[in-house]
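Each chain, letter by letter, is given below.
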Amino acid sequence: MTRPLIATLGSHSALQILRGAHDEGFACAVVAPAGKDTLYRRYPFIDEVIAIPSYDAFEALEDDLIARQALLVPHGSFVAYLGETTNQTLRAGYYGSRAVLRWEGDRDLQREWLTAADVPMPAGFATADDIGAGDWPVIVKTFGAAGGQGYFLARSRGHLDDQLAALGHDRYTIQRYIVGVTLYVHYFRSIVHDRLEILSMDRRYETNVDGLGRLPWHVQQAVEPVPSYVVVGNSPLVLRESMLEEAYRMGERVVATASDLIDPRGFWGPFCLETIITPDLRFHVIEISCRIVAGTNLFVDGSPYAALWFDEPMSTGRRIAREVREAHAAGRLGDVVTGHVPSWDAFDRTSRTDHIDRIDEAAR
Amino acid sequence: MTRPLIATLGSHSALQILRGAHDEGFACAVVAPAGKDTLYRRYPFIDEVIAIPSYDAFEALEDDLIARQALLVPHGSFVAYLGETTNQTLRAGYYGSRAVLRWEGDRDLQREWLTAADVPMPAGFATADDIGAGDWPVIVKTFGAAGGQGYFLARSRGHLDDQLAALGHDRYTIQRYIVGVTLYVHYFRSIVHDRLEILSMDRRYETNVDGLGRLPWHVQQAVEPVPSYVVVGNSPLVLRESMLEEAYRMGERVVATASDLIDPRGFWGPFCLETIITPDLRFHVIEISCRIVAGTNLFVDGSPYAALWFDEPMSTGRRIAREVREAHAAGRLGDVVTGHVPSWDAFDRTSRTDHIDRIDEAAR
Amino acid sequence: MTRPLIATLGSHSALQILRGAHDEGFACAVVAPAGKDTLYRRYPFIDEVIAIPSYDAFEALEDDLIARQALLVPHGSFVAYLGETTNQTLRAGYYGSRAVLRWEGDRDLQREWLTAADVPMPAGFATADDIGAGDWPVIVKTFGAAGGQGYFLARSRGHLDDQLAALGHDRYTIQRYIVGVTLYVHYFRSIVHDRLEILSMDRRYETNVDGLGRLPWHVQQAVEPVPSYVVVGNSPLVLRESMLEEAYRMGERVVATASDLIDPRGFWGPFCLETIITPDLRFHVIEISCRIVAGTNLFVDGSPYAALWFDEPMSTGRRIAREVREAHAAGRLGDVVTGHVPSWDAFDRTSRTDHIDRIDEAAR
Chain A
1 MTRPLIATLG SHSALQILRG AHDEGFACAV VAPAGKDTLY RRYPFIDEVI
51 AIPSYDAFEA LEDDLIARQA LLVPHGSFVA YLGETTNQTL RAGYYGSRAV
101 LRWEGDRDLQ REWLTAADVP MPAGFATADD IGAGDWPVIV KTFGAAGGQG
151 YFLARSRGHL DDQLAALGHD RYTIQRYIVG VTLYVHYFRS IVHDRLEILS
201 MDRRYETNVD GLGRLPWHVQ QAVEPVPSYV VVGNSPLVLR ESMLEEAYRM
251 GERVVATASD LIDPRGFWGP FCLETIITPD LRFHVIEISC RIVAGTNLFV
301 DGSPYAALWF DEPMSTGRRI AREVREAHAA GRLGDVVTGH VPSWDAFDRT
351 SRTDHIDRID EAAR
Chain B
1 MTRPLIATLG SHSALQILRG AHDEGFACAV VAPAGKDTLY RRYPFIDEVI
51 AIPSYDAFEA LEDDLIARQA LLVPHGSFVA YLGETTNQTL RAGYYGSRAV
101 LRWEGDRDLQ REWLTAADVP MPAGFATADD IGAGDWPVIV KTFGAAGGQG
151 YFLARSRGHL DDQLAALGHD RYTIQRYIVG VTLYVHYFRS IVHDRLEILS
201 MDRRYETNVD GLGRLPWHVQ QAVEPVPSYV VVGNSPLVLR ESMLEEAYRM
251 GERVVATASD LIDPRGFWGP FCLETIITPD LRFHVIEISC RIVAGTNLFV
301 DGSPYAALWF DEPMSTGRRI AREVREAHAA GRLGDVVTGH VPSWDAFDRT
351 SRTDHIDRID EAAR
Chain C
1 MTRPLIATLG SHSALQILRG AHDEGFACAV VAPAGKDTLY RRYPFIDEVI
51 AIPSYDAFEA LEDDLIARQA LLVPHGSFVA YLGETTNQTL RAGYYGSRAV
101 LRWEGDRDLQ REWLTAADVP MPAGFATADD IGAGDWPVIV KTFGAAGGQG
151 YFLARSRGHL DDQLAALGHD RYTIQRYIVG VTLYVHYFRS IVHDRLEILS
201 MDRRYETNVD GLGRLPWHVQ QAVEPVPSYV VVGNSPLVLR ESMLEEAYRM
251 GERVVATASD LIDPRGFWGP FCLETIITPD LRFHVIEISC RIVAGTNLFV
301 DGSPYAALWF DEPMSTGRRI AREVREAHAA GRLGDVVTGH VPSWDAFDRT
351 SRTDHIDRID EAAR
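Residue numbers (our numbering), protein chains in the order written: chain A, 1 to 364; chain B, 1 to 364; chain C, 1 to 364.
In short, the hints are calculated from the structure, not lab data.
Please read these numbers as outputs of a predicted model, since none were measured by experiment.
Possibly wrong hints are sitting among the right ones.
Unchecked claim - Here are some of the chain A residues that sit facing chain B, going by a computed Cβ distance under 10 Å:
#1 GLN69
#2 GLN110
#3 PRO137
#4 LEU183
#5 PRO236
#6 ARG240
#7 LEU281
Glycine included, every Cβ here is placed at the ideal spot set by N, Cα and C.
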């Protein structure tokens, strides 16, 4: 019996997405530009690795993906690599909303959405003149900055002006820098179960700011390292239980507001609110990611929060595949897919032991 | 067949405790003041959510809890919300010792206990005049401070005097601040197996001190953030294996001393030693928590230390339920319960697959 | 039926190694000097604890270990406790290459090996005079320093000279201190499957540098804590997926180069590259460990990376036992063992439930 096919791009959280698809009984394929395909060929659980010359060649695969009834699962690098327009116009089946793409990608619309959802955000400043005396330090985020590259910190007006002059363009936003601790909440909005689940949490591991604290002040004074915020990893966290309900409610307000503001079909699947928590126990949301974030890669083998919802290790990647499988079983695949809705026969979840057998075989 | 009932208050580590009870075949109930009950209604594995107008109304439930043969499992917020007196006088069945409550709640008695157990603690100072030249910095903990709120740091006598003057009262203790790294050890003292288990370890995630290191010294100098120690989360750790035996021995000495000093019945169930480790590989214990701590919430789906004792994922919450189940099977429930000892029939552990079925059903 | 025996020294990652051996159906024994044996007597899964007066007495056990067809699994403390010479000359069966010991133990040879493998390392300086103006800060590592003890940081020539004068000897190396974030990659080179696996990642938890960031600059200025790098624990990490292929390739180059440079038999089993990642997304490798590292102790119950290779929780300790079991089944035990190749009958993997039964029995 042919298993239905889940495919994604080779980057970001593709391993987790494909492993989750595999565990839920799907065949899985990854599309990667030449040179980036080799990582995925290492893992026997991946059924197919499709190398393309560059991301531009992705669209040429579309007819074939549609003919094979594949479902694409997007991740945080889909927009970065394929572009927002391609994400919008792809005809292939795509898990999740595409209407949110425009709201997520534009910092002003994102602020409008989150504000409408009554989600607290740090103050934003259109120009340096708008920054009040009590607003320092500020963080500057250049447009199109991804993975924290292109961010910088300023302690004062002079410090900011110097750095902006060095930048030499005006495509940036200025935010108040909140002094607190970061915590990223990984949500999953299930259409099939009509509920919001919190599946895990992390904090980003950013170079060099997460190494600065290991340098005593006098060494910092001597060598003057410039703080940078490039994300190279993640580490796991849990949240004080008394704050968990507010984390749920923020997520629910974001989902409900999306239905009002963005698209009556709403907003579903995985998303992330990226927060800073201050000593008054308040969340400050610095960003929303509208699909699976890389911090979920910590939880391929389960998480303490997913264990409150499921009796099996449930990564966000696997959660997506589970939702798709259940939507299909309920005849509701069209409710979670945008673009071409794949046509699949009934299918059984492949036993997880299949994979064990395959590995052990090599040893005989 | 009716399953025996485990109940707790809705906060702190209630989700873990109830999930553990569920996994061991108990029915589980949570009592929460209106507004805090909604979190617990989200999770299908919780059998019953009992909303009360406020914590004051808890005692009115007692007769019913006793009639239903419920067992209360206390956590770190039991004393904060119900008060020490209520914890002492509750007639309902209560897992764990109550005699330790007075010793834990009074900083002087706590120091007496830990000192008698030969557990190294940072120097404490009755007044600012007692602080020696080599004792700086110091940390001031106001009485009743919970979750790290109300702590402050002083680098010098002048700095301390200024902050104490601003505080305006004298209900605080002063401790030497140990420069090192924090590590919290989660113990479980089993009566049934007559042994001490280390189940997991964490470090607290405190706002804003765990964010300060991300600010370069010159930004700190410009904006002068005041360090605060409010606990909003936890992250996982393991300890150098060569220090693990001393971690066990400290725990054993604390347990043995409790039998001598506090109550011949002793001290059992989960507890935590909160340590700072210095470069000479020595532990400095800053506090003991005499029941489940929130750091164990990291390990709802298991921990590397629990995996050395058990073949299944074993959180501290589940470990409690396991101990209760085994004590009951051995006719020794009275050895682990204070107050009313529940009267239960024999019971089988419910298969974990029950829960899976319940979740999947919604999708059909 | 007698189970074949895996043995190790009592320290470092012995619990993980033995637990992994147990899970794969081996009997397991630990050898520990008196006083360090007690930790291992706590855990019922360990079949045998052999106490010796001191590490010097280890060699006297050899004939018996050989007669019992035991296989030794070395860990990061084997060289520290038994010495390189003993590691080289032990006649007992030993999992892994011994030819790498000399290359790992000598910082110059280690640099030659990693450089030949095209693995980027921080600049090293033979003397203080070689340090350029842009090379500060530097870190000094005294010879034989283990677990980070004996490291120190210098911000300038004057600062370095003062500290070297205080040191009073010239047995040290000087490295450029890379400002970035640390990440340690845990590899496993399988002979049986002829592949390299990444099983997990961590960062070290070092006292006091990982506590310094919690002290504001003005407190550091007042109390002048001296940074130290003593490893007392580890915390888990995942790496940005787009950097994972380069992590694999570095590991593969290290393995391939070992075959050319060190020993035609090559280099196999667990090893670790200890990296610092800079904001340009480049790895800088500060050290290689040629056997199991303590950071893998985080993953006794599985890791997100091992879950991409295996359907069961797979620690590095268990991975070793799995490889040994599969090599034996394939008649290739001699390919992964140096010294006496144990003679074992065919054996079945013991059911994991054996251990559960043993624990529950005590409660009856």
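Hints, verified against the model:
{"no.": "1", "hint": "GLN69", "result": "21 Å, violated"}
{"no.": "2", "hint": "GLN110", "result": "23 Å, violated"}
{"no.": "3", "hint": "PRO137", "result": "5 Å, holds"}
{"no.": "4", "hint": "LEU183", "result": "6 Å, holds"}
{"no.": "5", "hint": "PRO236", "result": "6 Å, holds"}
{"no.": "6", "hint": "ARG240", "result": "5 Å, holds"}
{"no.": "7", "hint": "LEU281", "result": "7 Å, holds"}
In this structure, the earlier hints numbered 1, 2 are contradicted, and the remaining ones agree with it.
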